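Enquirer: Read off the chains here:
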Amino acid sequence: MTGCTVEQAITRVHHEEWARVVAGLARRFSDLDVAEEATAEAFAAAAERWPREGVPPNPGGWLATTATRKAIDRLRRESQREAKHQAARIVYDSPPEPTGPVEDDRLRLVFTCCHPALAMEARVALTLRLLGGLTVPEIARAFLVQETTMARRITRAKAKIKAAHIPYRVPSADDIRERLAGVLAVVYLVFNEGYLASEGDEPVRVDLTDEAIRLGRLLRTLLPDGGEVAGLLALMLLTDARRPARVSRTGELVTLAEQDRGAWDRTLIAEGNALVRERLEAVAAGGDPPGRYQLQAAINAVHTNAPSARDTDWSTIVALYDHLMQLDPSPIVRLNRAVAVAEVDGPGVGLAEIDRLAEVLDAYHAFHAARADLLRRLGRGGESRAAYDRAISLAGNPAERAYLTRRRDQLAG
Amino acid sequence: MSAVPRYLLSVYGPAEPTEFGAYPSQEAMLQAFADTRAFNERLQRDGHLVFADGLEPATTATTVDGQGEKTALTDGPYLETKEHLGGFWVIEAADLDVALALAAEGSKACRGTVEVRPFRTEESVRALLAS
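Residue numbers (the numbering used here), protein chains in the order written: chain A, 1 to 413; chain B, 1001 to 1131.
Chain A extracted, bound-state conformation:
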């Protein structure tokens, strides 16, 4: 076996087994710190030994066993150290006996990492570390903060989980809908931070979008009946499918209308479409009405199924936004709806709707970019230029700034 294939095997096993090993140890030892560090040690041991000894026949089992041994060693060391301070004898929790149907430990870990008593940034960091298996430096880089800051954030979150007794458990049926919405929000935030990178020099941070999709797939495995789980995965797949066409060779953002649709990833689109279809059928068969992710996925499916921007079924998109507005009447949803309305009823009607949002969205670059485009189409060059200027000054993403600058400079006069 060559070094390269072992390396690939380790990467694959890391993706497949990291969360499972952490989650199993977390249940067994009731300690996220121990679980995380023992898992990291086991993977380090694999990286050292597998190239020499070959990949074991059951890599997941090897890692779980090795990690368990490391955890026990660690706890022994700690209890000896404590014994020097105090004669108190440490008593380990015996793992609780399973009472209900067997649950995947990873699902408990999901709900613990995304617990609402933790700040959003702590939930994101913990989820990426404990479920995604990203290293602290990787997470720090992804969120453009110092490594020490990120390490502290994760340590503090784990300390709160332990001290406040945040449970390691899947919420009860009464709470699960709300809690699951919180979990999905964490995953979608990771995705958007990658896809719409608001800071830094890279227009798209693939490490984050890939990780969010991986987490979305994991949730789908753990909760196959969750409509919004399927919806979020579909939304991310259909959005990510357009990534190859989204930034030009010169590093400029390419809008949906101008994208080379031949460059879209058809495999991801097919997977996303299958999920959207599954949800449509489930809703038609009397299932729960679609939530925000399912509606957004459906909107994206209309786009990805259209041969061109002109031949897009904009009326359906407006209807889907109407539905979405009932669930989430936020200014951003209203803005997106207005852009679709402009395609159906003309730029004048769209602009009138957008202008109603002027006060709330004045600091949002996309508001000014959308206005600039409609003003341009209406032949109001001077106003359009002013709106582009404002959008450029507010946009953080370099590819987006490049696009907006070119559009502004193309204005006649």
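Bear in mind the hints are in silico, worked out from the structure with no lab data behind them. Please note that the accuracy of each hint is not assured.
[To be verified] Pulled a few chain B residues facing chain A out of the computed Cβ check, cut under 8 angstroms: (1) Pro1005; (2) Leu1008; (3) Asp1095; (4) Leu1096; (5) Asp1097; (6) Pro1118; (7) Ser1124; (8) Ala1130.
These figures come from a predicted structure and were not determined experimentally. Just so it is clear, CB atoms sit at the ideal spot from N, CA and C, and this is done for glycine as well.
Chain A is fixed; fit chain B onto it per the hints.
Expert: Structure of chain B alone, referenced to chain A:
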């Protein structure tokens, strides 16, 4: 980790209460007291209650520093803030989810925002000493 976790549920109120405490009217005050009493009884019945009580206004507090040679006394609370601790519960709950659900009920009953904070445990003190 054999003992049931304990939490302090604290309620904050205005530093300068009106004649009806932190409440807009006498009826509101009486209703909040009745609701809080009912909530306390439920805590007692379900085995959560360790201790609960309300405090006199923060203006009645005296701050003591006995670390120096001579004890220093100051009229008033330790922290000069707009809101002060007005009352609290000490409860036992299996985990934070249970404590948060109880805090939400208590908040509704007493008409105040509740801060939930875990007490140290034997285990956490041991870890602290070992670190």
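Enquirer: Of all the hints given earlier, name the ones this structure violates by number, lowest first.
Expert: Those not satisfied come down to hint 2.
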